[in-house]
Amino acid sequence: MGDSNSQRSTVLASIRMSLGAPSSPAGIEAEYAAIERSYKCKGTLSEDALLDLFEDRLLEYDAGVYRCSASRIADAVEGILRKRRKSGLAIPAGLSREWLPEGFGFTDATGLDAYELDKTEGLLSSCTVAIAETGSLVLQNADGQGARILSLVPDYHLCVVTASQVVETVPEAFERLAKTSDLPTTFISGPSATADIEMTRIKGVHGPRFLDVLLVIA
Amino acid sequence: MREVQVSEVPVQHTRWNTHDFPDAAKVLLEDSQTRKNVQHATNVIQGKRNKVTAELPDWEDLREAGAQVKAHTLRHLDYYLTKFEENCTRAGGHVHWASDADEANRIILGLVRSHGAKEVIKIKTMTSEEIGLNATLEANGVWPVETDLAELIIQLGKDRPSHFVVPALHKNKEQIREIFQREMNLPDLGDQPIDLATAARTYLREKYMRIKVAISGGNFLIADTGGMCIVESEGNGRMCLTLPDVLISVVGIEKVIPSFRDLDILLQTLPRSATGERMNPYNSTWTGVHPGDGPKEFHVVLLDNGRSPILADKEARQTLQCIRCAACLNACPVYHQTGGHAYESVYAGPIGAILTPQLHSMGEGRSLPYASSLCGACYEVCPVKINIPEVLIHLRGKIVREDQATLAGKFSLWNIGMQAAAFLFKDAGRLSMAEHLGQIGQKALVSKNGFIEWMPGMLSGWTQTRDLKAMPEQSFRDWWAKERAPQDKEDAHG
Chain W
1 MGDSNSQRST
11 VLASIRMSLG
21 APSSPAGIEA
31 EYAAIERSYK
41 CKGTLSEDAL
51 LDLFEDRLLE
61 YDAGVYRCSA
71 SRIADAVEGI
81 LRKRRKSGLA
91 IPAGLSREWL
101 PEGFGFTDAT
111 GLDAYELDKT
121 EGLLSSCTVA
131 IAETGSLVLQ
141 NADGQGARIL
151 SLVPDYHLCV
161 VTASQVVETV
171 PEAFERLAKT
181 SDLPTTFISG
191 PSATADIEMT
201 RIKGVHGPRF
211 LDVLLVIA
Chain Z
219 MREVQVSEVP
229 VQHTRWNTHD
239 FPDAAKVLLE
249 DSQTRKNVQH
259 ATNVIQGKRN
269 KVTAELPDWE
279 DLREAGAQVK
289 AHTLRHLDYY
299 LTKFEENCTR
309 AGGHVHWASD
319 ADEANRIILG
329 LVRSHGAKEV
339 IKIKTMTSEE
349 IGLNATLEAN
359 GVWPVETDLA
369 ELIIQLGKDR
379 PSHFVVPALH
389 KNKEQIREIF
399 QREMNLPDLG
409 DQPIDLATAA
419 RTYLREKYMR
429 IKVAISGGNF
439 LIADTGGMCI
449 VESEGNGRMC
459 LTLPDVLISV
469 VGIEKVIPSF
479 RDLDILLQTL
489 PRSATGERMN
499 PYNSTWTGVH
509 PGDGPKEFHV
519 VLLDNGRSPI
529 LADKEARQTL
539 QCIRCAACLN
549 ACPVYHQTGG
559 HAYESVYAGP
569 IGAILTPQLH
579 SMGEGRSLPY
589 ASSLCGACYE
599 VCPVKINIPE
609 VLIHLRGKIV
619 REDQATLAGK
629 FSLWNIGMQA
639 AAFLFKDAGR
649 LSMAEHLGQI
659 GQKALVSKNG
669 FIEWMPGMLS
679 GWTQTRDLKA
689 MPEQSFRDWW
699 AKERAPQDKE
709 DAHG
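Protein chains in written order, with our numbering: chain W, 1 to 218; chain Z, 219 to 712.
Be aware that a few hints might be false.
Listed next, the in silico DSS-like pairs over lysine-lysine satisfying Cα-Cα at most 27 angstroms (straight line) [said to hold, decoys possible]:
1. W/K179 / Z/K514
2. Z/K269 / W/K42
3. W/K40 / Z/K269
4. Z/K254 / W/K40
5. W/K83 / W/K179
6. Z/K336 / Z/K425
7. Z/K687 / Z/K244
8. W/K203 / Z/K254
9. W/K203 / Z/K532
10. W/K179 / Z/K301
11. Z/K644 / Z/K666
12. Z/K430 / Z/K514
13. Z/K603 / Z/K266
14. Z/K266 / Z/K254
15. Z/K514 / W/K119
16. Z/K391 / Z/K254
17. Z/K644 / Z/K616
18. W/K42 / Z/K376
19. W/K203 / Z/K269
20. Z/K707 / Z/K644
21. W/K203 / Z/K266
22. Z/K266 / W/K42
23. Z/K430 / W/K119
24. Z/K603 / W/K40
25. Z/K616 / Z/K269
26. Z/K425 / W/K119
27. Z/K644 / Z/K301
28. Z/K391 / W/K203
29. Z/K430 / Z/K376
30. Z/K514 / Z/K425
31. Z/K244 / Z/K430
Worth flagging that the hints you see were computed from the coordinates, not collected in a lab.
Chain W on its own, in the form it takes in the complex (with noise of 0.2 angstroms):
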């Protein structure tokens, strides 16, 4: 291990001759408090027209949209499934039963490895958060949402999301994710894609090529 500590304190001794006099770690996080953040933190529109807002990023991003009140939810997931073509999908531990339609297949995805995953027809989870500005969802390592691999190896995701998880600025997000952010957390925009050949977007390279949302709304 000798080597590697040298290699650290050769770094650490370099960055400290460029930069000379170190300050205190109080006088470091007075000068980190005081950097101005005069950007736009609170959203200011009103819910309907949040929620219209989500929808419409989500429409450009080319996932499926779908609302639902909050006592009809195995209802809707029923509908969509059945315009899917679905017969089931893989569900996360900690997942709302109440959510599941009758006549499909749903199976616990916990430790499933991704052979097993690419197998299911897809997965159904809830998020954290999801932001408007952006048409993002937030999902992290928590119930109703799992590992990382889930949302990522199947080929179509539906996500829940109710009308109280969606925030309209980034900012915001960052505020309610505050308190978990050492969790596996993964932000996605839209189905996978790539604009690397010729800018144009193609979408679905890599992860789930199929998004559809569904809004509840209380």
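Got chain W sorted already, so can you dock chain Z onto it with the hints?
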């Protein structure tokens, strides 16, 4: 912590910085296909970027806050790096330090060997290009598989990246099809972008599932959580971050940010600047290892490789604020004409022109600070407000002073000419005399149309590609002395 085997590793150096910019540019300017591809791509990204930045009324506030966060971090880089190290280690990650490319290669190869891996999957990382990692791995019997579509095109085409967000931007779809047909053995492959993307999906899917070690770069190291953030589009990044057992991330020391919350600025400015999207399809953040989710072993290699000395130069330090969005490449009129390969550098474009020579302590890439018209477009689009034109001029000054300090430089034609010009410009009488001499001297060179089409010696560089308007018979100074000065005198007395 696992003991890293440091053995004799033949380290391969990159083939960069072998030509000066003007020489490399000349070759590329002849290549009309590449120029067409580069211009098309940069125009498209530039247009999208302008649209999505204009729709944010607080765009300038975001730029300012991003610049302040990055400048603050650099001022206290040792503090934030050790804070990151402490928190990352607490979360089960392993942090390594590498003062140069050789050391980073040794650490990474040691880790790869300790897992007996013969293949690794890679997320696009310019840091790995900077240290020449692929060549080192190959020389040691490890095959690196690039998973970003553009990097795969570069790897299979035995090419070099020309842009650090869209590395294969200089290739069009027909050229990409040819590479895939040949290298993936798909003679019937179509030439539509969707055909090519599907071919890449099929080619790589089996590799993601099988290969157990992944190598990545990193967009942000988060000091207060010890976490990391990677921004991408295709999902290849997520595959590499979650499927393998071992993840090794090699990241420049300047990529650390103080807090998770700072991403609320940078995840707005980076996607809009880089690809002109409000948000790129996928961003991943994670902290150390998380049981049942992602790799069982996570290593971060913190790379210095010439960065720490840049901190000592207070004017040029801002170079390290860069978040690698490449907006300055897309906006640059010089890059627009030559593409990235003319820079002979991993980091092309305006940011490359200031970063590359500094990473080499001004020993390489010395022609790059001159590869600019100083128009300022790069500064205007920079999401962290790096004043690139200011640093370009600062570095030109450095190069000139270094050259003047050598005997050959002191007596070079160029230096003597510049010294003579400085002597003339310092004094009004001398300048006026020089103008009169010039009017007489130019007579032999002026064509009938009033332009000079050929000049001798060093001055020929100007007239090779454009004509020079002849000096007028009366200079402005003469006109002023004759017309205005007597009147001014009268006004003053009147």
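We went through each hint and held it up to the structure:
1. For a cut-off of 27 angstroms, the pair hint linking W/K179 to Z/K514 stands: about 24 angstroms separates their Cα positions.
2. Of the pairs offered as hints, the one joining Z/K269 and W/K42 holds, with about 22 angstroms between alpha carbons and a cut-off of 27 angstroms not exceeded.
3. With a CA separation close to 18 angstroms, the supplied pair W/K40 and Z/K269 stays within the 27 angstroms bound.
4. At most 27 angstroms may separate the alpha-carbon atoms for a hinted pair to count; Z/K254 and W/K40 exceed this at roughly 39 angstroms.
5. Between W/K83 and W/K179, the direct Cα distance comes to roughly 38 angstroms. Violation of the 27 angstroms bound is thereby established for this hinted pair.
6. Distance check on the hinted pair: Z/K336 and Z/K425 sit about 12 angstroms apart at the alpha-carbon level, within 27 angstroms; holds.
7. Taking the CA atoms of Z/K687 and Z/K244, the gap is about 25 angstroms. The hint holds against a cut of 27 angstroms.
8. Restraint check for W/K203 and Z/K254: the C-alpha separation of about 25 angstroms stays at or below 27 angstroms, so the hint holds.
9. Between the alpha carbons of W/K203 and Z/K532 the distance comes to roughly 45 angstroms, so the proposed pair goes past 27 angstroms and is violated.
10. For the proposed pair W/K179 and Z/K301, the alpha carbon gap of about 19 angstroms is at most 27 angstroms, so the pair holds.
11. Under the criterion of a C-alpha separation no larger than 27 angstroms, the hint pairing Z/K644 with Z/K666 is inconsistent with the structure, at around 33 angstroms.
12. With a C-alpha separation of about 11 angstroms, the suggested pair Z/K430 and Z/K514 falls inside the 27 angstroms cut-off, and the hint holds.
13. Using a Cα cut-off of 27 angstroms, the hinted pair Z/K603 and Z/K266 holds, with the two alpha carbons roughly 20 angstroms apart.
14. Restraint check for Z/K266 and Z/K254: the C-alpha separation of about 19 angstroms stays at or below 27 angstroms, so the hint holds.
15. Taking the CA atoms of Z/K514 and W/K119, the gap is about 24 angstroms. The hint holds against a cut of 27 angstroms.
16. A C-alpha spacing of about 13 angstroms is found between Z/K391 and Z/K254, which places the hinted pair at or below 27 angstroms, so the restraint holds.
17. At most 27 angstroms may separate the alpha-carbon atoms for a hinted pair to count; Z/K644 and Z/K616 meet this at roughly 22 angstroms.
18. Proximity of W/K42 to Z/K376 is assessed by CA-CA distance (about 49 angstroms); at most 27 angstroms being required, the pair is judged violated.
19. Of the supplied pair hints, the one linking W/K203 and Z/K269 holds, its CA atoms being roughly 21 angstroms apart against a limit of 27 angstroms.
20. Straight-line distance between C-alpha atoms of Z/K707 and Z/K644 comes to about 25 angstroms, which keeps the hinted pair within the 27 angstroms bound.
21. For the given pair, W/K203 sits about 18 angstroms from Z/K266 by alpha-carbon distance, which is consistent with the 27 angstroms threshold.
22. At most 27 angstroms may separate the alpha-carbon atoms for a hinted pair to count; Z/K266 and W/K42 meet this at roughly 26 angstroms.
23. Distance check on the hinted pair: Z/K430 and W/K119 sit about 20 angstroms apart at the alpha-carbon level, within 27 angstroms; holds.
24. A C-alpha spacing of about 19 angstroms is found between Z/K603 and W/K40, which places the hinted pair at or below 27 angstroms, so the restraint holds.
25. A C-alpha spacing of about 38 angstroms is found between Z/K616 and Z/K269, which places the hinted pair above 27 angstroms, so the restraint is violated.
26. This hinted pair checks out: Z/K425 and W/K119 have alpha carbons roughly 17 angstroms apart, not beyond 27 angstroms.
27. For the proposed pair Z/K644 and Z/K301, the alpha carbon gap of about 53 angstroms is over 27 angstroms, so the pair is violated.
28. With a CA separation close to 16 angstroms, the supplied pair Z/K391 and W/K203 stays within the 27 angstroms bound.
29. A threshold of 27 angstroms between alpha carbons decides the hint, and for Z/K430 with Z/K376 the separation of about 25 angstroms falls inside it, so the pair holds.
30. With a CA separation close to 19 angstroms, the supplied pair Z/K514 and Z/K425 stays within the 27 angstroms bound.
31. About 44 angstroms separates the Cα atoms of Z/K244 and Z/K430, which puts this hinted pair outside 27 angstroms; it is violated.
The structure does not agree with the numbered hints 4, 5, 9, 11, 18, 25, 27 and 31 stated previously, though it agrees with the rest.
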